[in-house]
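Asks: Sequence:
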Amino acid sequence: MSVQPEEKIEPQAATWRFKAGVALLCLAVAMWLCVPLAASAGISSTRIAAMTGGIFILNKVILLLVIAVMGKSGFQQLKSRIFSYFRLAPEESISRTRYNLGLVMFVLPLLSSWLEPYVDALWPGLRPNLWQLQLLGDVMFLASFFVLGGNFWEKIRALFIRGARIVYPSAA
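Position 34 of the sequence shown, counted from 1, bears residue number 45 in our numbering, the numbering being contiguous throughout.
Quick caveat, the hints were computed from the structure, so don't treat them as lab data.
There are no misleading hints in this set.
The calculated EDC-like cross-link candidates involving lysine to aspartate or glutamate, where the alpha carbons are at most 16 angstroms apart (straight line), are:
{"#": "1", "residue 1": "Lys83", "residue 2": "Glu165"}
{"#": "2", "residue 1": "Lys71", "residue 2": "Asp149"}
{"#": "3", "residue 1": "Lys71", "residue 2": "Glu127"}
Generate the whole structure from the sequences, applying the supplied hints.
Replies: Here it is as structure tokens:
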């Protein structure tokens, strides 16, 4: 199998895409402040629960938008700024186990947030409504992008490019 060398993406000065991605990321985190504010304002618990579910699902959508807006170079820049003190594994080629683990970490929070309203409707009280579990899902979703490596960003970004085509490596 012949693999063409990939060009190295270096972090650049903050572009409008990077700033928009960081702003969306901050919005995703800041939306959770509405829940305690609503509780202190005396809003009914059913409305707070509905708002929490909406924020939870909207949070996932915003995180996907962050990926689309920032792209691989923005991700590299964000990662270099946040994790400059930590040494991460190389991203060019990751093991099958790491890739499978990253896919589970990526799909599990999305699947649980998608099924959550149905589970609540079919079996009320079955699912514990703990904010800690929702936070764990968000952290797991974000961490999956670091586990999957930089090439996964290109796959996600290709979802938002109409003319993107799949190119399989030729068998040797």
